[in-house]
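K.L.:
Mind docking chain L on chain Y? Use the hints.
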Amino acid sequence: MKLSRHEVESIAHLARLEISADEIPVYVDNLSRIIDFVQQLEAADTEGVTPMAHPLNMTQPLRDDIVTEADQRALYQQNAQAVESGLYLVPRVIE
Amino acid sequence: MHGMTLAGIARALRAREFSSAELVQHLLERIGRLDGQLNAFITVTGEAALEAARAADAALVKGGGPLTGVPIAHKDIFCTAGVKTSCGSRMLDNFTAPYDATVVERLRDAGMIMLGKTNMDEFAMGSSNETSFYGPVRNPWDLARVPGGSSGGSAAAVAARLAPAATGTDTGGSIRQPAALAGITGIKPTYGRVSRYGMIAFASSLDQAGVLTLTAEDAALLLTAMSGHDARDSTSVDAPVPDFAAGLGESLKGLKIGLVEEFLDDGLDPANAAAIEAALKVLEGLGATVQRLSLPSIGLSVPTYYVVAPAECSSNLSRFDGVRFGHRAAEPRDLEDLYKRSRGEGFGTEVKRRIMTGTYVLSAGYYDAYYLKAQRVRQLIAADFRRAFEAVDVIVGPTSPTPAFELGAKVDDPVTMYLNDIYTIGVNLAGLPGLSVPCGFVDGLPVGLQIVGRAFEEGRILNVAHRFQQETDWHARAPGGAFA
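Residue numbers (the numbering used here), protein chains in the order written: chain Y, 2 to 96; chain L, 11 to 494.
Isolated chain Y (complex conformation) (with noise of 0.2 Å):
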């Protein structure tokens, strides 16, 4: 199946990732031939059979809902770029 170069544009834009006009055609490539080898996958008999969403089938454990952390904001935010009076500094959102 060959992507459109509109749809990886798309996808790159639901990824949030930019990418230059010249890497787009390469793009369109690859994630064709990766789109076209994993459709293999479609010939598999699995009618009935549940989906795995953990490789040994175990469900997650439940605790307390306790608070467990302390705080380490000061801490974490020593690899911020931008940070003023504890907070993230971000471009404007809301004019």
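No lab work stands behind these hints, which were simulated from the structure alone.
Which residues of chain Y face chain L? A few of them, derived with a C-beta cut under 8 Å, are:
(1) Ile12
(2) Ala16
(3) Leu18
(4) Glu19
(5) Ile20
(6) Leu76
(7) Val91
Since the model is a prediction, treat every value here as computed from it, not as a measurement. Backbone N, C-alpha and C fix where the C-beta goes; we use that ideal spot for every residue, glycine too.
P.N.:
Coordinates of chain L only, in the frame set by chain Y:
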């Protein structure tokens, strides 16, 4: 001192043949002198290593444990407090981990000394270590060839005897395939055996931490120290951890070995196949019996993986937004521009390819056809293994279809690269433990034997590997030349 196993180092430290500080100094000198040819390390933590080694020497006077003062390198996917943790990506080139991964913490608590952080495919996505932002790693057996991936830096460092052991992670073969291509031992434990806390996520239902070592005995020592339940990883399994090293040496008499017919097809290099056959003879000589078996759905494991893994990766890597940590694009016009350019600039081609593949298979209208379909086929593949393990105790076969290939040989076609992991991927999909041990050479390049076991039977596959290594010396061969 280099070239010694962990078990040998532990004995020598106790016998005061040399100190931990002397050993660490020697290895740092080797890394400084030789790693320019390999590019196995992203960060070397020399000062901290020497300081920790001196503390270990003091602890050894009073006693200490079996791993006290023994050096190790960590794949740069594991968070190390106060030390750069890049995951092989420009995205995290400026990231200093605020805490330690559980694996790092447990091995340090056991007394081990971290030498540094090893190179890897970007976000562990790759089979050749060519997708790293820090450049490719070279194979010490032939510098024109890849060491495999994604734990390629760990494999090259151990094979070149720059570190006696290294941690790795394996999502589709990323410990076993580089171990095979570099002529060393590598184990991926059962899913959930080792905590994923602080291990940067790629595909959470497949990722598992393990080790690359010179022998199965060393792998057993490390696995005992790093395994076990961790409340900070919700998929960590609360099961008792045996002393894997204490279980080694058991007889293989009566062991039932399965040989997967589908793994012996045309894709397998004939010389590689001959090495596997010879290895089976050795195991038969030790009292094991070999029977052929079929895993009917295994042929679909690579396409299944390339739906499931990219889907999980696209979700996991959505956290990299240019806001809280990691690369941030300069002068963003608006929030969307900040997201898009930070991610577009921070991620390399293979990572973007996988994020987009994952986004596509999870998008409205395709979710059922690709993602749910793959999750159903995954169930069939796991069921094939379960059925096989009713008849046999372990499954043995090749780790990789060919020995190490040349740099650049497979970079143009992602699907050709993906097929490198054809023998290893099914094991991750089924959550089983698997390891690779050296079993011969083809044109001077090492090839690996893969041994797969039932869930939580790491002890059994380690024992098979250990007994094999007592009868053969493939694992003791080291690259010559500058690395001798």
